[in-house]
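4 protein chains.
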Amino acid sequence: MAKIRMGMVGGGEGAFIGQVHRYAAALDSEIELVCGAFSSNPEKSQRSGKALHLPADRVYSSYQEMMTKELELPADQRMQFVSIVTPNHMHFPVAKAALEAGFHVFSDKPATFDLKEALELRELVKKHDKLFGLTHTYSGYPMVKEARHQVATGELGKITKVVVEYPQGWLASPEGEEENKQAAWRLNPEQAGISCCMGDIGVHAAHLAEYITGLKISEVCSDLGSVVDGRVLDDDGTVLLRFENGARGVLMASQVSVGEENALKIRAYGDQGGLEWSQQEPNTLWLKWSDRPTQMYRTGLPYVCELAAANTRTPNGHPEGYLEAFANLYMAFAGQIRALENGVEPDARSADCPGIEEAVRGMAFIELTVHASNSEQKWHKFPNH
Amino acid sequence: MAKIRMGMVGGGEGAFIGQVHRYAAALDSEIELVCGAFSSNPEKSQRSGKALHLPADRVYSSYQEMMTKELELPADQRMQFVSIVTPNHMHFPVAKAALEAGFHVFSDKPATFDLKEALELRELVKKHDKLFGLTHTYSGYPMVKEARHQVATGELGKITKVVVEYPQGWLASPEGEEENKQAAWRLNPEQAGISCCMGDIGVHAAHLAEYITGLKISEVCSDLGSVVDGRVLDDDGTVLLRFENGARGVLMASQVSVGEENALKIRAYGDQGGLEWSQQEPNTLWLKWSDRPTQMYRTGLPYVCELAAANTRTPNGHPEGYLEAFANLYMAFAGQIRALENGVEPDARSADCPGIEEAVRGMAFIELTVHASNSEQKWHKFPNH
Amino acid sequence: MAKIRMGMVGGGEGAFIGQVHRYAAALDSEIELVCGAFSSNPEKSQRSGKALHLPADRVYSSYQEMMTKELELPADQRMQFVSIVTPNHMHFPVAKAALEAGFHVFSDKPATFDLKEALELRELVKKHDKLFGLTHTYSGYPMVKEARHQVATGELGKITKVVVEYPQGWLASPEGEEENKQAAWRLNPEQAGISCCMGDIGVHAAHLAEYITGLKISEVCSDLGSVVDGRVLDDDGTVLLRFENGARGVLMASQVSVGEENALKIRAYGDQGGLEWSQQEPNTLWLKWSDRPTQMYRTGLPYVCELAAANTRTPNGHPEGYLEAFANLYMAFAGQIRALENGVEPDARSADCPGIEEAVRGMAFIELTVHASNSEQKWHKFPNH
Amino acid sequence: MAKIRMGMVGGGEGAFIGQVHRYAAALDSEIELVCGAFSSNPEKSQRSGKALHLPADRVYSSYQEMMTKELELPADQRMQFVSIVTPNHMHFPVAKAALEAGFHVFSDKPATFDLKEALELRELVKKHDKLFGLTHTYSGYPMVKEARHQVATGELGKITKVVVEYPQGWLASPEGEEENKQAAWRLNPEQAGISCCMGDIGVHAAHLAEYITGLKISEVCSDLGSVVDGRVLDDDGTVLLRFENGARGVLMASQVSVGEENALKIRAYGDQGGLEWSQQEPNTLWLKWSDRPTQMYRTGLPYVCELAAANTRTPNGHPEGYLEAFANLYMAFAGQIRALENGVEPDARSADCPGIEEAVRGMAFIELTVHASNSEQKWHKFPNH
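Chains as they are written, first to last, in full-length UniProt numbering: chain A, 1 to 385; chain B, 1 to 385; chain C, 1 to 385; chain D, 1 to 385.
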């Protein structure tokens, strides 16, 4: 049984998320990077590929070339899936080309440039009957899976309140914005789409809330804004939520909260108990009760649920982090590919990976919150797609 | 120089906040409880007074009797101010009677039953030229004063974002609601007014935000609700804020967040730095910066501002808590009385106590958030009174 | 029923611990400061007394005068107990005079200048049949009482390991040592006795370990030292412990751990569970288990033991601190006086106050650790007295 | 430039640390596992190799076979170094065989079965002029490197006190000891050597203290014991330390502290400042000062030292953990191999990996603490080797 073969589009020199994808894909030695189109600049793509120990003939000058050339290779050598790590506006074209060429797609989020593309992408996935995975990384943490499990078993009772927040501070100052490659494209509507803050991090928070509670957001009241003068896109926002079961919620996302790092945190309360999880201390899950002491659940201990255990690599007390969570998504997606090859259903661990439905919901969330923020009306329905 | 003499209305057997007021007033040995009308039930009032070591002739059957009888005593024996610790609906009648009888008033919050009463109260305070203090206790903490100082000095730059949250869980379940004296009156519109959650704790959060930032709230978008079926008043709510300088904010208050205790927390961000303070660990203030490590400010250390230092009793590392914060308000109010007697201006420490303007703003906040929550329109102006 | 009447020796202007005692005694309005000899300087004593609102004729120029004059007052006016808040070398003379004059004694720790005095003090207490209380303040915290309860009920199993640490940093630098009144006497062998660090804080740590575990220390191996050049007394030390049941332990105390405040912390492990408590976050007690999640016990919640509940003043989430813990000892001692007056046994809360046996053990601990530190031999028995 | 080629001895099915080594080696895609002798049971070794996607002819039945067969391969295909992940008693035989066959060695700790072997190993490393690396993993964390940097720059002043603790709880109960592969060999003197607790974790703590402070331990006073009845080897111990500059220290290690996970923590104090780092929250380093607020240093922020930055993969706020720290050692060792091949000196990052001198000191520490624990004499010199 060979490793699963991955090609990559984007992620050349100086990129952030491409390297993160490579760490995550490599960690478990189950996936092998076999080719890439790392940059639309052919020389840069070659330099990147060389640094990654790839043979020159598997480093391409464009994603189109990559699709074509890989198809010419024997089936047991060619890549099996494409990892897309470009800025947002290129997600869809690459995904489309890959699906049409018969490759599975594993994409960075948000899935597409806008909702329209996401809906089209869903059609393409169905039509070509390929796998699609989306890196809502934070759902890869074991304690997030435990949180979902605690809600699903009913331990917390009926969920009545959800507070999810995602403050960052890295865009608080306009200085250096243009030189900073990460900032530049996220603030550029031609590359990022109609939102910076909601598109980059708010959508993670929304996914996390739905993933853990198992509930869909049904209505929003939105207040987005640009704290730094002159920005076209939002760099801060708060969204009041209603969930399909009537629960209230608040989603806060900010890129201008000076001194905050990547402080994604969620609290969910039911009528019997509550939970709290923070991304910066990801191996702890707090469970709170009305009638007994708060409990500290920890990654790697015997009492956690099967899915949490299956997504854990080290013994308790040996902290796992962001790359391990990211790798959990890659392992799930690789498991889906193997299951498909073997003609079986993926197991629970492999099935547990955001896909095309999450892609559509995420793009709908971004468009809805921007639209609702511009409205004088308080509440706006989350559309069904 | 004798101690300042205090009378109390309310706070008989089984009450919570009355006993807290007595601890706070006693701590510094600068204030003496000399009389009280602890209950509208004369026997209960007497029993309460006896347990407090008061002579029987200074324990009264009604607040009206207290005002009358105390006035008959020599000026150097009679009470100098009245501490009001009744349920909300009785705040105004007692305060009015006290002011008209020539006594200063120190009142539990919210100041009155509704905004109309608060505006009338302000007229009475002016007319009778008496002192009025209001127990927004959380502004009594040294590190809250340090936070205010950090904003005021401009260290954080222009404030752009404020997040204040106040989750509790004690009203999450309807069971025992009627037997619980604290719950019963807060959920009863005849005693509490038009709001439970906003009136009881949201108003604290709003005051804290304005106190620390030095900014007034100028607009709100409000979403209040009753999570537990059958309640007339809100037990949970989120309010989006705008401040007078354009800053965005979020205020969350909840009495149904199971497992939360009294988790008031505020974060404020400027374009240069941010701060974070949590009531349950009140001796720590976090200062966050874009370009240097986060700092942990601690009560009692030499670098804190004068006002923080003046409101601290123990050396650093010897934790102070809620009662010390509460006592700081009593000490400030007692200082105002002494200054008035001596015909001087109160010093900075004494002047630093919420008063009649905070009383009016608080009642306006409560009415505004209830009104705005019932509206389809998103934003509502905070009225000037 | 009148308040309990207290006289004070020491604690004049500029003192630290005297004021702390006064806050603690005043908090519950059950004890009244009626007289004092606040300084051996008569003018300073008078100034201090005046600032405390005492009549001039109850402010004395010496403790001897205080004993004599108070005895001349009617029994229902004279002080009932003496609070001793002088430097160590004056504890015994004052206590002796008070006991011989028929007053109960409530003393700051360590009880005496040396062990010899402590043994003599014990004889005096017995001979005069008076009450003696000792301010091992940290045992006054509700969560410390809960910790003791958890051990006593056997929940943790047989105790096998105890780690107690007490780092401070305030003596890390020799600068300002002489001007700092607190530092000056603690480092002066004529006032402090044979130890600074062990006498000032190590003895608190030892008491806390014995109080919580219910076990006596049976052997020590000691390593004390003066980190700052030129000091005669220790400013840092570690002591290996054996307890009577065979459990191992470590006691660390330091006054030169730069940046530490008053970081007393204890961990105790049994064969079934462990506990952890930190003085700087005193309202939380961690209980750790081999087979289930760590639990966070919190002051004021319904599940805590009776003694913890009885020593709590505010609802959960309203933090109590050092002064409340201190006041708990005063309340216990006042309860003992009332019980004695009423000819009944003190209730559990009142009985729970360190007394003369803890005084003797504390002084024995200090002498033993200094002696053992100077020895080449590893282990030294804790003597029975 | 190809990846560095690694062979592995040990780490077959059911092993813990072998899999950790493989994650760590794979993460950066700079090292390739090319062969292994995963078990002394040939079938088990083959099964393990197959699961790792290795060709059958690179999976060996013994380490001796591996050395022989790999040498027969062309130089650009054969492994370049051997990773040793067996129980302790097999470290030396494998390392010796590898060195004699001309392979570099990267070994799990402790380096050997006893000190005698470690000294012999040092001779072999010198004689064969090969590289030797040792996985004192915790020195791989970026914030540990920052801590070392802060001491080295003199910011903390002269180091006067070090407290390093390493509590675990997994061996608190004798139940299941024999079935638990990890427990069984660590408690067996024929496989583990003369110590369990000091050999397994105490030696990590000692290395961490020396690595961060840059100071050598010069004397110890040791108290080891077996808390669980019937154990031949220690499962708990405390060691008092002196460092070469006169600083005092305490090292605590325990495997019977119920409920503790892997709670390695170090505090070091100088006369100007102190530091604190905890392995379970590894991305934070606390710096404490006598005259200004405590600072929270965080992984990935611009102010950290070059070596910390070079050992960081993700942006601040994206937590890194144990596997990343482990991978840092692998990357350093791989860097040493590349530098050697290129005939240059390794850069600072590559040079920063524990080696043969740390191997000898570690074994000396283990033997010294066992010896000193059995002695009636308090202090014992740390021998120079």
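Among the hints, a few may not be true.
[What the hints assert, rightly or not] List of simulated lysine-lysine pairs, PhoX-like, C-alpha gap at most 20 Å:
1. Lys381(B) <-> Lys216(B)
2. Lys116(A) <-> Lys126(A)
3. Lys126(D) <-> Lys116(D)
4. Lys3(D) <-> Lys3(A)
5. Lys50(D) <-> Lys265(D)
6. Lys127(B) <-> Lys96(B)
7. Lys3(D) <-> Lys50(A)
8. Lys44(B) <-> Lys181(B)
9. Lys96(A) <-> Lys127(A)
10. Lys126(C) <-> Lys116(C)
11. Lys265(B) <-> Lys265(A)
12. Lys381(A) <-> Lys50(A)
13. Lys216(D) <-> Lys265(D)
14. Lys126(A) <-> Lys3(A)
15. Lys50(B) <-> Lys116(C)
16. Lys265(C) <-> Lys265(D)
17. Lys216(A) <-> Lys96(A)
18. Lys116(A) <-> Lys127(A)
19. Lys3(B) <-> Lys50(C)
20. Lys3(A) <-> Lys50(D)
21. Lys96(D) <-> Lys50(D)
22. Lys158(A) <-> Lys96(A)
23. Lys3(C) <-> Lys3(B)
24. Lys50(C) <-> Lys96(C)
Derived by calculation from the structure, the hints in this document are not laboratory data. Remember, it's a predicted structure, so these values are computed and weren't measured experimentally.
> In ascending order, which of the hints set out earlier in this document are inconsistent with the structure?
Replying inline: Going through the list in order, the structure violates hints 5, 12, 14, 15, 17, 21, 22, 24 and respects the others.
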